[in-house]
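Peer 1: Make a model of the complete structure from these sequences and hints.
Number of protein chains: 2
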Amino acid sequence: MACKYGTHRVITPKGVLPQAAQVIDNSMKIHENEILINVQSLNIDSASFTQIRKEANDNPDAIKAKILEIVNARGKMQNPVTGSGGMLIGEVAEIGSALTPDVQVGDKIATLVSLSLTPLVIHEITAIHMNIDRVDIRGYAILFETGIFAKLPDDMPVALVLAALDVAGAPAQTSKLVKPGDSVLILGGGGKSGMLCCAEAMKQAGPTGNVVALCVLERDRENLSGLCNEVIICDATKPLDVLEKALAANNGREYDISFNVVNVGDTEMSSILPVRDGGIVYLFSMATSFTKAALGAEGVGKDVTIIVGNGYTRGHAEITLSLLRENEKIREIFERRYV
Amino acid sequence: MACKYGTHRVITPKGVLPQAAQVIDNSMKIHENEILINVQSLNIDSASFTQIRKEANDNPDAIKAKILEIVNARGKMQNPVTGSGGMLIGEVAEIGSALTPDVQVGDKIATLVSLSLTPLVIHEITAIHMNIDRVDIRGYAILFETGIFAKLPDDMPVALVLAALDVAGAPAQTSKLVKPGDSVLILGGGGKSGMLCCAEAMKQAGPTGNVVALCVLERDRENLSGLCNEVIICDATKPLDVLEKALAANNGREYDISFNVVNVGDTEMSSILPVRDGGIVYLFSMATSFTKAALGAEGVGKDVTIIVGNGYTRGHAEITLSLLRENEKIREIFERRYV
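Chains as they are written, first to last, in the working numbering: chain B, 1 to 339; chain Y, 1001 to 1339.
Simulated from the structure, these hints should not be mistaken for lab results. All values reported here derive from a predicted model rather than from experimental measurement. No incorrect hints appear here.
Below, simulated DSSO-like cross-link-like pairs (lysine-lysine); rule was C-alpha separation at most 30 Å, straight line: (1) B/Lys14 <-> Y/Lys1238; (2) B/Lys4 <-> Y/Lys1245; (3) Y/Lys1179 <-> B/Lys179; (4) Y/Lys1238 <-> B/Lys4; (5) Y/Lys1029 <-> B/Lys238; (6) Y/Lys1014 <-> B/Lys245; (7) B/Lys179 <-> B/Lys203; (8) Y/Lys1054 <-> B/Lys14; (9) B/Lys245 <-> B/Lys179; (10) B/Lys4 <-> B/Lys14; (11) Y/Lys1176 <-> B/Lys179; (12) Y/Lys1066 <-> Y/Lys1014; (13) B/Lys245 <-> Y/Lys1004; (14) Y/Lys1245 <-> B/Lys14; (15) Y/Lys1108 <-> Y/Lys1151; (16) B/Lys245 <-> B/Lys329; (17) B/Lys238 <-> Y/Lys1014.
Partial selection, computed: residues in chain B whose CB lies under 8 Å from chain Y: (18) Gly85; (19) Ala293; (20) Arg314.
Okay, the calculated bits of chain B under chain Y, using three or more residues with CB under 8 Å as the criterion: (21) 110-117; (22) 297-309.
Ideal Cβ positions, reconstructed from N, Cα and C, are used throughout, including at glycine.
Peer 2: Shown next as C-alpha cells:
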C-alpha cells in the first residue's frame, strides 16, 4: 500500500513529506489509496497570489506563465517564495480500490489540504480572477489517504463555498479560543479571513467582550460595521502606530488575544505589542517570519503564547459554512466580493 | 525621553522596532533611559553560529571577519540568514539618569534580550570558543528600558550561567506546559536546551509520565541517562523515521506534547506527526519555517496547537538556574561542555 501521507510521490529530497519536498511526482495514475480529482478551480493562498501578481506586474499572461512554471517544475502549486499553496475544487474522477470515502465518482468536492502538497497537472489555465485569488483550469490532482476534503453543499454557490473554505481554519480557531468577555484585536480584519474571524469573535466574546478590527483601507470600515465593535484604520507594518490606536480602542487596556490575518510581512510585532502578559497571539498570516515572532516577543519582554495558525481543526468546514448561513451580512459581502 | 522599546535607535527602515530593523544606531552615548554595558562575551544563537561556521569553513579568522562584518553593517549581531542573535554578559558601565534598576555600575549582568536588537560595538574579538558558540570581545552594548537582564549569581561560574541563561526560555516553558502523566517528546534532547527541557519535563510529568529524548548522536545516550525515560537515536529531518521510533518508545501511542530544540531546518513535521490530536507542538528551534509548520499540520489533518517558542516567560532565569542547582548531572555536563 502506498504511504497514507503521500511520501511515495516525493522525488526530491528523499525522506520528507510532500509539503517539504522540492519536487513531487504528479503522474495521474492513482494508487489504491488515492483519489483522482478533475480540477475546476484553484484558490491560490493570498500571500502567494499577492507575490505572483507583484512579480508579474499584474499582467494576466505573466501570472499564467508563472503558475505554469511553478507547477511544471514542482509537480504542485507551491509558491517557492512564500512556501504557501491554497486549495482547489473539482469532481471526483476515480477512487482507489482500498478506500471507502463518503463520496462517489462525479461528486463535487473541495480539498481542505494545501495545494503545497497536492500533486497537480495543469493542461490549460482558462481564466484568472484577479481580485479573488482564483484561477480556473483544466487539469487533474491527487488526494492522499490523509487528505481531508469537504463535499460541496447544495445551498450555496460553489464559488462562495470555495472562498470560505479556503480560510476555514481561522474562524474555527477563533471559535475555540475566544471566551466571553475577551477583548480581541483582529489585524487584517477587512480581508476574507478577517471578516469571518470578526463575526466569530463577536459571537464568542458576547456583549461583555470587545472586538476591534484593524484594517489598512478606509473602505473596510463600512463593510465591517456590525461585524465588530470598532474599526481602526492603520498600517499593520507600523507596530507603534498599531499599539497606540489599538489601546485607545480598548480603554487603554491591553488585549486578551490578537489574531493576525494580514497578507503582508513585518506585522509580527504589531500582533504582539497590544496583547497583555499571559494573553494569546494567533498568527495566521503566511507572510509571518518565525524568528521575528519568537525574538520579537523576547525583545520586549512579553510573556505571551504565540500560536502558529493551523489551517485544520476538527469541524472547521462546518463552523465556517454555518457562519455564512447565519450571518446575512458576511454572506452578502462574500457573494459580492469573492464570487 | 527616548522610546522604551529602543525605536529611537532604528536607522532603516523607519517605524519598526529594533529587532526588525536592518540597521540600528550603535553610538555608545546613552540616553537617560538606557544602560551601557562593557561587554565580555557574546553567546551566539546556535542556529546562527552553525550557519556562520559553515560559511567560514570552521576557520576562526573567517568567523571573526564574518561577525565583525555583520556588526559593522547592522549595528547589532543579528545573522542576516537566520535572523537570530544570542545574548551577552558584561559589566554595567553607566546607568541612564531616568532609571533605577536593581543593579549598580560595576555589577556583572547577563542580558536576557536577544542580540538581534541590542546596539553593539566590537573593538576586538579576543577569542572564539568554537564548541560552545561563545565569542569573547572587547566592546560595548546598550540595554533599552524594556530590556530584561539578570544579575549574575555568586554560586556559579559566569560561563555556566551564560550558557544556561541563553536557553532559559525553553525549560521555563516546559515547566509551565507539561502536566503530571504527560507523554513528552523532546527533539534535540542532547543539546543544551534539550537537556534542560528533559530534566524539567521529568520533574513535571512525574512517575506516571513518559519523557522521550530524540538525538542524532549515539554519544548523547549516556549523557541523557537519568534525565529522561528513554533515548532514541534518529535524524530529526526524517519525519517518517522519527514517527516510527517515537511511537515505539511510547507503547505505540501518540504524544501529549513535543518540544523542538534542534538547530537544523526541516524538522517541523517530525515535531507534528508524533503528537495526538488536541496535543501541543512547541517549536523552539530558530531554524523553524513558519509556513512549513502551519501548512504541514494542515496537510496531514493534525488538530494540534503549534506554539512559537518565546524566549521570555516570567521567572525564566530563576527556573533555569534552579534546575542547575538541584540537578547534579546537568550541572556536571554543562560545566564540562560549555564552560
